[in-house]
Amino acid sequence: MEKFEVFRHDIDDISVLNIQGFLDAHTAPDFENELQKLLQEKRYKIIVNLDGLQYISSAGLGVFMGVIEDIRENKGDLKICNAGEKVFKVFDLLGFPSLYEFYPTEAETVEKFKAAD
Amino acid sequence: MEKFEVFRHDIDDISVLNIQGFLDAHTAPDFENELQKLLQEKRYKIIVNLDGLQYISSAGLGVFMGVIEDIRENKGDLKICNAGEKVFKVFDLLGFPSLYEFYPTEAETVEKFKAAD
Amino acid sequence: MSQNKTKSQKYRLKLPIDTANLDIIREFVAGIAQNIGFDDEDIHRIELAVDEASTNVIRHAYEGQTQNDKFILIEVKTFPDRLEISVIDHGKGFEPDKIKEPEMDAYFKQMKRGGLGLYLIKTLMDKVDYFIKPGVRNRVKMVKYLSL
Amino acid sequence: MSQNKTKSQKYRLKLPIDTANLDIIREFVAGIAQNIGFDDEDIHRIELAVDEASTNVIRHAYEGQTQNDKFILIEVKTFPDRLEISVIDHGKGFEPDKIKEPEMDAYFKQMKRGGLGLYLIKTLMDKVDYFIKPGVRNRVKMVKYLSL
Ligand SMILES: Nc1ncnc2c1ncn2[C@@H]1O[C@H](COP(=O)(O)OP(=O)(O)O)[C@@H](O)[C@H]1O
Ligand SMILES: Nc1ncnc2c1ncn2[C@@H]1O[C@H](COP(=O)(O)OP(=O)(O)O)[C@@H](O)[C@H]1O
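Residue numbers (the working numbering), protein chains in the order written: chain Z, 38 to 154; chain W, 38 to 154; chain A, 891 to 1038; chain H, 891 to 1038.
Just chain Z, same shape as in the assembly (with noise of 0.2 angstroms):
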């Protein structure tokens, strides 16, 4: 059993990372390298799928911030979609749902992106 993993797949412009098990300080810098390939690559159009994400601490919610500005300043943006309860009450204890856009659906949120092109 692993204690986190990240399954990323492309849907043409927009890649998805789907992360699953526990994000906290030691498993951040594994989610934070498979966003910083996505920013070598130039790829800026980015869905966190969190189907399968059991927990979240602020060493995981540091992540996000730690890349939106790069990703935004490049017109691009990271939305989150599939959130649990539990792990949607952390992101919004913390305000982020007035920073980032979530989604119930990743369908939805492939949309939002196609949309705004």
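FYI, nobody ran anything at the bench for these hints, they're computed from the structure. Errors might be hidden in some of the hints.
What the hints assert, rightly or not - 27 angstroms max Cα-Cα, derived DSS-like pairs, lysine-lysine:
1) Z:Lys79 / Z:Lys151
2) A:Lys1023 / A:Lys904
3) A:Lys990 / Z:Lys126
4) H:Lys967 / A:Lys904
5) A:Lys1031 / A:Lys897
6) A:Lys988 / A:Lys1017
7) A:Lys1012 / W:Lys40
8) A:Lys1031 / H:Lys904
9) A:Lys1031 / Z:Lys126
10) Z:Lys123 / A:Lys1012
11) H:Lys988 / A:Lys904
12) A:Lys960 / A:Lys897
13) A:Lys990 / A:Lys897
14) A:Lys960 / A:Lys904
15) Z:Lys40 / H:Lys897
16) A:Lys982 / H:Lys897
17) H:Lys904 / A:Lys900
18) W:Lys40 / W:Lys126
19) H:Lys900 / A:Lys900
20) Z:Lys112 / Z:Lys151
21) W:Lys40 / H:Lys960
22) H:Lys960 / A:Lys967
23) H:Lys904 / A:Lys1017
24) A:Lys904 / H:Lys960
25) H:Lys900 / A:Lys1031
26) A:Lys967 / H:Lys967
27) H:Lys967 / H:Lys1017
28) H:Lys904 / A:Lys967
29) A:Lys1017 / A:Lys1031
30) Z:Lys40 / A:Lys904
31) A:Lys900 / A:Lys960
32) Z:Lys123 / A:Lys1031
To be verified - If you only want the chain A side, here are some residues facing chain H, beta carbon under 10 angstroms, derived:
33) Gln899
34) Lys900
35) Lys904
36) Leu905
37) Ala920
38) Phe961
Beta carbons are placed, not taken as given, at the ideal position from N, Cα and C, and that holds for glycine.
Here the structure of chain Z is known, so what remains is to put chains W, A and H with the ligands in place on it, guided by the hints.
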């Protein structure tokens, strides 16, 4: 989330106890109680279905040892079914398969009781 | 032998400072919280608060320190009405009063990272106290009440 | 900050003697065993052996004893090639050499209950040693090697 649960159902004169979760020194008394209830009702054809049992320690094995004599003196038997690999290994380490009958399914175990009638 | 519900009970967990141990710490406090009857939501709050305090010890407490035995110590006391959890180090200490609460608005405008841990702890737990003796014993004490 | 694989690391868990704590103990040792790379089968063996030793402390160590502070202490040391776990009490102690191994045949003929714990521990772990000082410190030390 309960640590340990027992579900009972009767098939004619056979009683099935399905035990689930973790059977250790803490939860063994719950299992023992359910078995004692059967003995008080003079129901001596007992199937213990281990489907959903995730863990057993010697305290759990002790419960099986504690009732078997009484059951057999009354011309009954306690048969065991649906042991997962991990749980079966513990029974096996202590030689239980030479004293108790183990079957892969509940249906088969019921058959064995019926065939002996 | 079952849990004595009327008296206070003590638990202690001491481990090396390594983020790999955060899940052990979370399971430890979650196990105790579950045994004394907290619901899943409160168990999650407790796990997260203790994770945050422990992450701080692992990341900050021994920065530039020369202690040989760098540890993190979790002490838990259970009471009929509450759980008291202390996260303890013997590192350099800090001045909790001088650490500003993140103003989330400005915070997001700067889009800076970090600084959320102490704020989360305060939000998640019913009571938080700091007892700081640099190099000797720095303790974050958190209390959560059972809703009866 | 990640686990230092070359040195020994120490973990300690101290808790009240209560069977309700067995799952906390199992998760503690399972967490450490997983972090240093044991497979699921060995993790199960380690959990079960430590459960058995802990159950013995809870059931037997303080029988008829008057200590105030009845605790169970689990000490774990990780090494690159192995895990060493000690289950410690300060109860009445016992003479491990005088406790007969259950002869399973006779055992089943008598259909007596219990007495399986020490036998299981020996079977599940690679090395078991007892250090007994009644009333002071009784320690069951178990070693499991990583299969490389
Ligand atoms: N145990 C500790 N030892 C030393 N410093 C600490 C400790 N806990 C917190 N701090 C200090 O408090 C600051 C704020 O902590 P926190 O809100 O968790 O945010 P972050 O860890 O992301 O900086 C830390 O940056 C650190 O300087
Ligand atoms: N920590 C301990 N303190 C005192 N006595 C112990 C301890 N561990 C084991 N014993 C003794 O060893 C005996 C055998 O233990 P075990 O094989 O686990 O079987 P059981 O606990 O079912 O009797 C116990 O009955 C007890 O007398």
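If you draw a straight line from the CA of Lys960 (chain A) to the CA of Lys904 (chain A), is it 27 angstroms or shorter? OK: Lys960 (chain A) and Lys904 (chain A) at ~10 angstroms, within 27 angstroms.
Can the restraint linking Lys40 (chain W) and Lys960 (chain H) be considered satisfied, given a maximum Cα separation of 27 angstroms? holds (25 angstroms)
Is the shortest C-beta separation between Lys904 (chain A) and chain H less than 10 angstroms? holds (4 angstroms)
Check the hint pairing Lys40 (chain W) with Lys126 (chain W) against an upper bound of 27 angstroms on the C-alpha distance. Given that 27 angstroms is the threshold and the Cα spacing comes to 21 angstroms, the pair holds.
Quick one, are Lys988 (chain A) and Lys1017 (chain A) close enough, alpha carbons at most 27 angstroms? OK: Lys988 (chain A) and Lys1017 (chain A) at ~18 angstroms, within 27 angstroms.
Does Lys960 (chain A) lie within 27 angstroms of Lys900 (chain A) when you go C-alpha to C-alpha? Cα-Cα ~23 angstroms, so holds.
Take the C-alpha atoms of Lys982 (chain A) and Lys897 (chain H), compute the straight-line distance between them, and say whether it is at most 27 angstroms. Satisfied, since the Cα-Cα distance of roughly 24 angstroms is no more than 27 angstroms.
Holds or violated: Lys904 (chain A) to Lys960 (chain H), with C-alpha atoms at most 27 angstroms apart: The hint holds at about 19 angstroms.
Once the shortest beta carbon distance from Phe961 (chain A) to chain H is found, is it less than 10 angstroms? holds (8 angstroms)
CA of Lys967 (chain H) to CA of Lys904 (chain A), is that 27 angstroms or under? holds (12 angstroms)
Can you confirm whether the C-alpha distance between Lys1031 (chain A) and Lys126 (chain Z) stays at or below 27 angstroms? With a Cα-Cα distance of about 23 angstroms, the restraint between Lys1031 (chain A) and Lys126 (chain Z) holds, given a limit of 27 angstroms.
Does the alpha-carbon distance linking Lys967 (chain A) and Lys967 (chain H) stay inside the 27 angstroms limit? Cα-Cα ~25 angstroms, so holds.
Comparing the model with each numbered hint stated earlier shows that hints 7, 11, 12, 13 do not hold.
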